[in-house]
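*Asks:* Sequences are here, hints too, so could you generate the full structure?
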Amino acid sequence: EMPCFGHYLGSCPSRVTFGVGDKPLCDGCGGSDGDGFVCDMCNLQAHKECIEWSLKFAGHANHQLKKVSPGSLDYTDGQCHYCREIPTKDFYHCSICDFSIDEHCKRRQLYTITNLRIHNHSFTLLSRKISFTCNACGLLGERNPYVCIECNFMIHKDCISLPRVININRHEHRISLIYHLGRGNWELCGVCRKKIDWKFGAFSCKRCPGYAVHSKCATDSKVWDGEELEVVPEVEEEILDPYKVINENEINHFSHEEHDLRLGVDNVTDFEMMRCDACILPLNDGMFYKCMQC
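Using the UniProt record's numbering, read the sequence shown as starting at 1 and increasing by one per residue.
If you're looking for bench data, these hints aren't it; they were derived computationally from the structure.
Be aware that one or more of the hints could be misleading.
[What the hints assert, rightly or not] Think about it this way: if two alpha-carbon atoms lie no more than 27 Å apart in a straight line, the pair counts; the simulated DSSO-like pairs of lysine-lysine are: (1) LYS222 - LYS290; (2) LYS66 - LYS106; (3) LYS216 - LYS199; (4) LYS157 - LYS222; (5) LYS106 - LYS157; (6) LYS157 - LYS67; (7) LYS194 - LYS244; (8) LYS67 - LYS106; (9) LYS66 - LYS48; (10) LYS244 - LYS290; (11) LYS67 - LYS48; (12) LYS195 - LYS216; (13) LYS194 - LYS222; (14) LYS89 - LYS66; (15) LYS216 - LYS244; (16) LYS222 - LYS129; (17) LYS216 - LYS66; (18) LYS199 - LYS244; (19) LYS157 - LYS244; (20) LYS199 - LYS89; (21) LYS222 - LYS244.
*Replies:* Have a look at this one:
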């Protein structure tokens, strides 16, 4: 027996040739050619492949997806639940769940996403409009999260492709994506300066304890150049001292390499009027380095 939506067509289902009679179109694809089956229980008339596709797609085993034209439904926002785009051509719709999918996403079969770098398990699309908090970015979502059943983990579709390691123009070190910060003395977000919720994911710096950035803030085009650095070796920058020690009273400073500077006390009565040539700040006491030749 061939399954239908919540029941069976029966051992000898009636057949129909589309394009003939009072109801010539397939209830699944809207086509008007070829042969199909008629269900006596729910009056469904559809091609065999249309029934099979609807049954196995996106968890809609009990609901029929019908092909409809753009603008023909007045109770839905018309967006495809996968790509969030409004279809310009005929698309498939479940009137019970208010679930829609366009032809392009139907072919892509995005119901389950596997082989992910960001997670050990596969993500399954929850084909319902529900409010949820994304575990990756900590922001609210209003429809169709991807879910890891084993970990009770929900994520926006866009957050699945977040980079793992990046550089931003607000911090001197690389920052890495963590899907659960955990408790700690986390500072305010390094970009927006707002609080970061440790129960969710963010980017953090391995060298600077407490430094973190919201996922969305870190990947904003104003602070990130779009380059993923996970497979790019990190080059350690050599940090040079600003001076060389000659002896306990003399140094050679990079700003005045032609002569050595000697530590001592000069006959200066007003230190506020005398400023350091390196930092331009006033001298605060009688101890400073001075070139004996200039």
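*Asks:* Now look at each hint and say whether the structure bears it out.
*Replies:* Now the hints, each set against the structure:
For the hint pairing LYS222 with LYS290, the CA-to-CA distance comes to about 44 Å; that exceeds 27 Å, so the pair is violated. Distance restraint check for LYS66 and LYS106: the Cα-Cα separation of roughly 13 Å lies within the 27 Å cut-off, and the hinted pair is therefore satisfied. At most 27 Å may separate the alpha-carbon atoms for a hinted pair to count; LYS216 and LYS199 meet this at roughly 16 Å. Restraint check for LYS157 and LYS222: satisfied, since their Cα atoms lie roughly 22 Å apart, inside the 27 Å limit.
Taken as a hint, the LYS106 and LYS157 pair is honoured in the structure, with Cα atoms around 16 Å apart against an allowance of 27 Å. For the proposed pair LYS157 and LYS67, the alpha carbon gap of about 25 Å is at most 27 Å, so the pair holds. The suggested pairing of LYS194 with LYS244 is violated, with an alpha-carbon distance near 42 Å, which exceeds 27 Å. Note on LYS67 and LYS106: the hinted pairing holds, with a Cα-Cα distance of about 12 Å set against a maximum of 27 Å.
With a C-alpha separation of about 14 Å, the suggested pairing of LYS66 with LYS48 holds against the 27 Å cut-off. Only pairs whose Cα atoms come within 27 Å are accepted, and LYS244 paired with LYS290 is accepted, the gap being roughly 15 Å. This hinted pair checks out: LYS67 and LYS48 have alpha carbons roughly 15 Å apart, not beyond 27 Å. Restraint check for LYS195 and LYS216: satisfied, since their Cα atoms lie roughly 13 Å apart, inside the 27 Å limit.
For the hint pairing LYS194 with LYS222, the CA-to-CA distance comes to about 17 Å; that is within 27 Å, so the pair holds. Simply put, LYS89 and LYS66 have alpha-carbon atoms about 14 Å apart, close enough for the 27 Å limit, and the pair holds. Distance restraint check for LYS216 and LYS244: the Cα-Cα separation of roughly 44 Å exceeds the 27 Å cut-off, and the hinted pair is therefore not satisfied. Note on LYS222 and LYS129: the hinted pairing is violated, with a Cα-Cα distance of about 31 Å set against a maximum of 27 Å.
At most 27 Å may separate the alpha-carbon atoms for a hinted pair to count; LYS216 and LYS66 exceed this at roughly 37 Å. Note on LYS199 and LYS244: the hinted pairing is violated, with a Cα-Cα distance of about 48 Å set against a maximum of 27 Å. For the proposed pair LYS157 and LYS244, the alpha carbon gap of about 55 Å is over 27 Å, so the pair is violated. Between LYS199 and LYS89 the alpha-carbon distance is near 42 Å, which puts this suggested pair outside the 27 Å criterion.
Note on LYS222 and LYS244: the hinted pairing is violated, with a Cα-Cα distance of about 39 Å set against a maximum of 27 Å.
Checked against the numbered hints given earlier, this structure breaks hints 1, 7, 15, 16, 17, 18, 19, 20 and 21; the rest are met.
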